[in-house]
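Chains as they are written, first to last, in the working numbering: chain A, 15 to 370; chain B, 15 to 370; chain C, 15 to 370; chain D, 15 to 370.
It should be emphasised that the hints constitute simulated quantities derived from the structure, not laboratory data. What you are looking at is a predicted structure, and each value in this text was computed from that prediction instead of being measured. One thing to keep in mind: the hints can contain errors.
[Said to hold, decoys possible] No farther apart than 27 Å at their CA atoms in a straight line, the calculated lysine-lysine pairs in the DSS-like style are these: (1) K62(D) / K41(C); (2) K62(C) / K41(D); (3) K157(D) / K285(C); (4) K41(D) / K115(D); (5) K83(C) / K59(C); (6) K285(A) / K157(C); (7) K285(A) / K157(B); (8) K41(D) / K41(C); (9) K363(D) / K354(B).
There are 4 protein chains.
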Amino acid sequence: MAPHRLQVAVAGLGRMGARHALNILNKTPRAELVAAFSPDQNELKWGKEHLEPYGVTLYDDYKKMLEHKGLEAVVIGTATSVHAEETLQAIEKDLHVLCEKPLSTSVQICQDVVDAAAKKPHLKVMCGFSRRFDDSYQDVARKIEEGAIGRPTVVRSQTCDRQHPDPDFFVQYAAWSGGVFVDMSVHDIDLTLWYFGSNVVPKSISANGVVAILPGLKQHKDYDNAVGIVEFWDGRIAHYYASRMMTHGQEDVTEIIGTEGKLTVNLNPQKNLVNYYSKAGITREVPADYWGRFEPGFVKEANEFTAACLNNTPVPLEFQNAVKAVQIGAWLQEALVSGKQIRFDESGKRLDRANL
Amino acid sequence: MAPHRLQVAVAGLGRMGARHALNILNKTPRAELVAAFSPDQNELKWGKEHLEPYGVTLYDDYKKMLEHKGLEAVVIGTATSVHAEETLQAIEKDLHVLCEKPLSTSVQICQDVVDAAAKKPHLKVMCGFSRRFDDSYQDVARKIEEGAIGRPTVVRSQTCDRQHPDPDFFVQYAAWSGGVFVDMSVHDIDLTLWYFGSNVVPKSISANGVVAILPGLKQHKDYDNAVGIVEFWDGRIAHYYASRMMTHGQEDVTEIIGTEGKLTVNLNPQKNLVNYYSKAGITREVPADYWGRFEPGFVKEANEFTAACLNNTPVPLEFQNAVKAVQIGAWLQEALVSGKQIRFDESGKRLDRANL
Amino acid sequence: MAPHRLQVAVAGLGRMGARHALNILNKTPRAELVAAFSPDQNELKWGKEHLEPYGVTLYDDYKKMLEHKGLEAVVIGTATSVHAEETLQAIEKDLHVLCEKPLSTSVQICQDVVDAAAKKPHLKVMCGFSRRFDDSYQDVARKIEEGAIGRPTVVRSQTCDRQHPDPDFFVQYAAWSGGVFVDMSVHDIDLTLWYFGSNVVPKSISANGVVAILPGLKQHKDYDNAVGIVEFWDGRIAHYYASRMMTHGQEDVTEIIGTEGKLTVNLNPQKNLVNYYSKAGITREVPADYWGRFEPGFVKEANEFTAACLNNTPVPLEFQNAVKAVQIGAWLQEALVSGKQIRFDESGKRLDRANL
Amino acid sequence: MAPHRLQVAVAGLGRMGARHALNILNKTPRAELVAAFSPDQNELKWGKEHLEPYGVTLYDDYKKMLEHKGLEAVVIGTATSVHAEETLQAIEKDLHVLCEKPLSTSVQICQDVVDAAAKKPHLKVMCGFSRRFDDSYQDVARKIEEGAIGRPTVVRSQTCDRQHPDPDFFVQYAAWSGGVFVDMSVHDIDLTLWYFGSNVVPKSISANGVVAILPGLKQHKDYDNAVGIVEFWDGRIAHYYASRMMTHGQEDVTEIIGTEGKLTVNLNPQKNLVNYYSKAGITREVPADYWGRFEPGFVKEANEFTAACLNNTPVPLEFQNAVKAVQIGAWLQEALVSGKQIRFDESGKRLDRANL
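The shape of chain A in the complex, shown without the other chains (with noise of 0.2 Å):
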């Protein structure tokens, strides 16, 4: 008899809700998909072509879902409005759970989630950080472990996308991702945690921001590109690029330099390993969004995942790094709005302006 296999569920069957499902479905050889959900119509009835086939049940009502018989685990891929009160209910109901980053535009919010699943260390509960399962990421993750490069001191990393040919996307996009840093950067951030350590507290923090080829995000206070600098007490640094605006596909770069080497992860993006020669030169094409960059991420990801909850031992990631990325992301996300610098004391405890 095969091994039992986790009974898994995912909620939303939108763009990136499709794909979880596909990799649960497909390219996750210890979990089964049982059931999908999602609130829209055309999302169902993808569901039903490319889901239903393969004894998948699917549900327009999220709770129902939760009540599936024999299910053990939800991956949430719905939009970032609901990860978080889909994340407590599927907690509620005694499941594993897997979502999508962020918990929450909202800090207090992600900190909510992270204590209700702090009551249930039966359950696995995760936030979804991609790249910590990257190959590079990781291999650079080790380099670091075996002192490669010394004292990691400075990151460098870049989230940059691809103009998108519908102006209106990315600025209806705007409307509720939380601002450029929360929305994209916290994947930098959220490195930056890994590779200085969790516990690295933030001295100051400083951003600025142009809108230069999408006005529309004005009236949602976010911007088409941002740099931002996040100086931490214990004499390291970040500085983190974020872009809409990259012509030639989606560039996602990192450097971290230590005292003594330096390291890089995709400092030259390609889509494959073909090179063109002709009368303009030597090109490459380079991958056109984040699927085509970390799409084998996600299937390690939800396998891994599904080995914690099948093998009770700890998800990879801690989970209070979800918060503590956001939160980053949320200041410096605030210090691009007002043009302000912020500023913390050692315990990490904010300085107001009348402290300063």
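Mind docking chains B, C and D on chain A? Use the hints.
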């Protein structure tokens, strides 16, 4: 009810067979691994641990495995010497077959297998050339089709293995591999047939080799480094390099030079997207072996073969090419061992020395 | 009769001055090195060996050198602290001047020199920013001019030195260098003025730094790693990174991100065109210092300055920029040391804290 | 008094000669260009404008130029057909000679020149193989010397020109160039002699070519793409590719594979350090011609030749190699045209067909 999944057995659970088995088991959603065969007790032990728990029946008798109830297809990953016989037996039993390359080191036997398959056109029989399923090589095919480089005129292609830590490894392997051009360059030749067209006719074949680090190869008339040129009658040339002497890892590179441009694949091999900056300079690692380079291709191969069986569509690779690639490889090997050029008339008929 | 060659003297025969002297002597066909000055006996000894035999008169008194018969131009490569004074004296003597950057670490003194030069418009006075004469940076300027990237919006630029074997070297240097942003990033700032236009007006300036490997820097209020952001009023941003901590060599990188494309310079530094493949992977070496990267630029600089003097055409660099670049560098340094953001109104007037 | 500068004349003021003249005039400090010769009125006109004003005497009679008072050395950059004769005449006049490669397309004539030079050992006579003076190739030689790759075993080297806008250009050139292997690959052969040692003895030579874009080449028995293999008796192999068909620019690549590592030169050609990111992907430009790639090598060549003459030290290149490289090139060309392999005994004596 879930759609029917192709009932597959894998023959051979050694290095290659085990990988095929795991691919079918875990990464080929439309297939189900129901049986596996190995004549080797160690390999069967591995199967007991990794396959049997998932419902796979193990066999130490290939013929008995072919009788497995409901079996529809066999993936053959045993030693080359039994590829042909096992393929023929599977065809006899009306089973679809995906056989590892080469079908045989004997051109005649390759042809016999192809002929046998031709008599059962309802069967899907395919010889697995994994590079045909690699994203980069497929991108090249697409770009050539679109005319990006004009007429492909010169192919340079190399298959270069990392030095094996055990100096006996390749020597023992050479005893039955058919020689470096049949075993390694057959991939490069197959790419040539892909990009030049499978109807190209050789005009002359020359090759030279050296034994630089593995003196034991001499007893098997093989070489650790070999170069060869195949000139075709329609004004095209392919040249190949095969080596077992790399220190840095696997380095399989292909260039296709056309009248209006050039395409390269893997000119800058890399294990992942990390670069390490140290006193030595800037260093990137390289995949240790073909699996590190081509694993996604093998997965795609298994999925496309499965789809062809289930949908009753043509297999993606023309079976006759498997003969032609081995034939050219064997001629290169002959030219290598004899040190003499081989020539052909325009119909492809070999000119013996008297005709020169 | 050969055309007249510009009669040039070089001040300073230390690391930088000696290189200027040899460039004028050997690689600037339209110039003739007739005199050289150094206050240092060791440097003069070097001059006796390498310059005197070629007809160069050596001086240990700068003012006397200015009296050298027929002298037309002076190249100043002495310590920064005397750049301004020596330039003023040369202008006073009606001599053309090419002065190493920066004119001074004091913005006011820089401006005084520029004002003095403005009063003698027949003189060619230029502050040497070598990157302006680098083929790659010039190619970027040309492509921007042609509209290849739309409107340049974000500049990321870094000047990173290799760790010096003598830990005291940079500490002593910091005593008079003006700090890391004035000494190193002034190049990146100058590039920003080039690509954004020299009329850009800062809106805010923030910076942070750490002392990671050279504790002695603290006494000079300097840092071995520093990052800074300059936001401009016309919707553009520059961010900089300066470091003395690289192990692999010199790494000066610039990215210019526009609304329709991006240009990078030296993202993959390399000493030459060699790659070394070994068990460690694939490695390339990196230039050890700025000379290994920019030597051809210094040669071109000397030739273009000479041509401007002989042809009485404008010098290729706007002199006022030399003040502006130092000004922005000094503000960055102030923000770095104070840890406080500096802000400006739209006219460029600095807003003190009371105005915030 | 300035040290004596070598009094140099340049023969030929065409594409190559003019470059030599300007190098001697402007970039070779220890040499003085005193005279130049061309039989061509247009070239002389160029000389009147670019050389005469700097004190260079122009001649339309080579022999008269050799009588120029005080002349010590001649740089020969005329058409290949007169290289040998002009070299012999200069030797006759007791002048040092730097002659462009090849001395002649006739092996016998090359040898005659070498023999003539051998009779006057006080003269410095050198055939210019510019790659010997290239930083990257010199770095490779140093690394091989240090044992970085063990025993060099396989050389792959290619000389590939950009398609000429005028399709007649290479056809007319082929009339007297000696063919693609003598004209282009002679550089790759010379590198082979450098890295393998000049005492290597060919065992067999094979070659094939196609006429893909320049049908006019057929009348001169030449090809626009050619590949060849040279096998040596000491267990080494070189293989070459020469092409006139590149669209992207000049692409001269060399790989040296040793028993313990590999070195590559220019595997990723680039015009400068700029990358352009656009909708097409990431693009870098490539040098248009050999000058864009090797100019600094030509400058170093002129300086080292000058130093050898003035210091009476050996010239950096062994003169006999110039014969050997042409000899191997001529054999490759013969194998190419005849389509037949050429073989040699261990002493290097050619085996004619009867001996096979």
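Structure-based check of all given hints:
1. A threshold of 27 Å between alpha carbons decides the hint, and for K62(D) with K41(C) the separation of about 22 Å falls inside it, so the pair holds.
2. A distance of roughly 22 Å separates the Cα atoms of K62(C) and K41(D); the hinted pair therefore holds under the 27 Å criterion.
3. Our distance criterion of 27 Å between C-alpha atoms is met by K157(D) and K285(C), whose separation comes to about 14 Å.
4. For the given pair, K41(D) sits about 21 Å from K115(D) by alpha-carbon distance, which is consistent with the 27 Å threshold.
5. Only pairs whose Cα atoms come within 27 Å are accepted, and K83(C) paired with K59(C) is accepted, the gap being roughly 23 Å.
6. Restraint check: the Cα-Cα separation between K285(A) and K157(C) comes to about 25 Å, which is no more than 27 Å; the hinted pair holds.
7. At roughly 14 Å between alpha-carbon atoms, K285(A) and K157(B) fall within 27 Å of each other, so this suggested pair holds.
8. As the CA atoms of K41(D) and K41(C) are separated by approximately 6 Å, the hinted pair is consistent with the 27 Å bound.
9. At roughly 18 Å between alpha-carbon atoms, K363(D) and K354(B) fall within 27 Å of each other, so this suggested pair holds.
Going down the numbered hints, you'll see the structure goes against none, and every one checks out.
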